[in-house]
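Undergrad: Work out the full structure: start from the sequences and follow the hints.
Residues in the sequence shown are numbered consecutively from 43, following our numbering.
Hints are computed from structural coordinates only; laboratory data are not their basis.
Heads up, some of the hints might be wrong.
Stated by the list, open to error - Computed list of lysine to aspartate or glutamate pairs in DMTMM-like fashion (alpha-carbon distance at most 25 angstroms, straight line): (1) K134 to E79; (2) K77 to D107; (3) K105 to E68.
Unchecked claim - So the derived label-pair ranges between C-beta atoms look like this: (4) V76 to Q124: 31 to 41 angstroms; (5) H67 to Q122: 21 to 31 angstroms; (6) N74 to E121: 15 to 25 angstroms; (7) G123 to A71: 15 to 25 angstroms; (8) N74 to Q124: 37 to 47 angstroms; (9) R120 to T66: 29 to 39 angstroms; (10) N74 to A108: 35 to 45 angstroms; (11) Q124 to F60: 33 to 43 angstroms; (12) F60 to Q122: 31 to 41 angstroms; (13) G123 to K72: 31 to 41 angstroms; (14) K109 to H67: 32 to 42 angstroms; (15) K134 to G88: 17 to 27 angstroms.
Ideal placement from N, C-alpha and C gives every residue a C-beta, glycine not left out.
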Amino acid sequence: MLRSLALVGLTFVSSMSFAAELVTHEEVAKLNLVKIETISVGSRVGEDIKSPSDVRNNVFSEKADAKGGSYYEVVSVREQGQTLVATAIVYK
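TA: Structure, rendered in structure tokens:
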């Protein structure tokens with residue numbers, strides 16, 4: 043029984059992935075991060091991104107993870123009509 047619990051615990055820990063973290067421009071320089079690519083997301087106002095501040099709430103984390111990034115820096119958020127468009131740089 044103890045061996046089974048240990049195996050289940052080890053499997054759980056090894057399958058956990060870490061979400062990409064939001065960093066500031068200063069942290070990018072301090073940590074010597076390497077740019078992977080620039081990504082953008084757009085959303086009609088009231089959907090995924092309800093306000094520019096929602097971008098800080100991990101909107102980019104999943105996309106950065108998919109690109110192999112560990113960090114992302116939000117570089118712009120702008121409104122285009124009824125759509126908010128945000129851009130971030132993904133780093134490793």
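Undergrad: Cβ-Cβ distance between H67 and Q122: within 21 to 31 angstroms?
TA: Given range 21 to 31 angstroms: holds, Cβ gap about 24 angstroms.
Undergrad: For the pair N74 and Q124, does the Cβ-Cβ distance stay inside 37 to 47 angstroms?
TA: holds, 40 angstroms
Undergrad: Tell me if the beta carbons of F60 and Q122 are separated by a distance inside 31 to 41 angstroms.
TA: This hint holds: roughly 33 angstroms between Cβ atoms.
Undergrad: In this structure, is the beta-carbon distance linking K134 and G88 contained in 17 to 27 angstroms?
TA: The hint (17 to 27 angstroms, Cβ to Cβ) is violated, given that K134 and G88 are roughly 33 angstroms apart.
Undergrad: Using the beta carbons of V76 and Q124, state whether their distance is inside 31 to 41 angstroms or not.
TA: 36 angstroms Cβ-Cβ, so the 31 to 41 angstroms window holds.
Undergrad: Using the C-beta atoms of G123 and K72, is the stated range 31 to 41 angstroms upheld?
TA: Check passed, 37 angstroms falls within 31 to 41 angstroms.
Undergrad: Cβ-Cβ distance between R120 and T66: within 29 to 39 angstroms?
TA: Between R120 and T66, where Cβ atoms are some 19 angstroms apart, the hint is violated.
Undergrad: Range hint 33 to 43 angstroms: satisfied by the CB atoms of Q124 and F60?
TA: The hint (33 to 43 angstroms, Cβ to Cβ) holds, given that Q124 and F60 are roughly 34 angstroms apart.
Undergrad: Do the beta carbons of K109 and H67 sit within 32 to 42 angstroms of each other?
TA: violated, 19 angstroms
Undergrad: Run the distance test for K134 versus E79: straight-line Cα separation, threshold 25 angstroms.
TA: holds, 10 angstroms
Undergrad: For K77 and D107, compute the direct alpha-carbon distance and say whether it is at most 25 angstroms.
TA: It holds: about 13 angstroms lies between the C-alpha atoms, which stays within 25 angstroms.
Undergrad: For N74 and A108, compare the CB-CB distance with the range 35 to 45 angstroms and indicate the outcome.
TA: violated, 23 angstroms
The structure fails to meet hints 6, 7, 9, 10, 14 and 15 from the earlier list, while all remaining hints are met.
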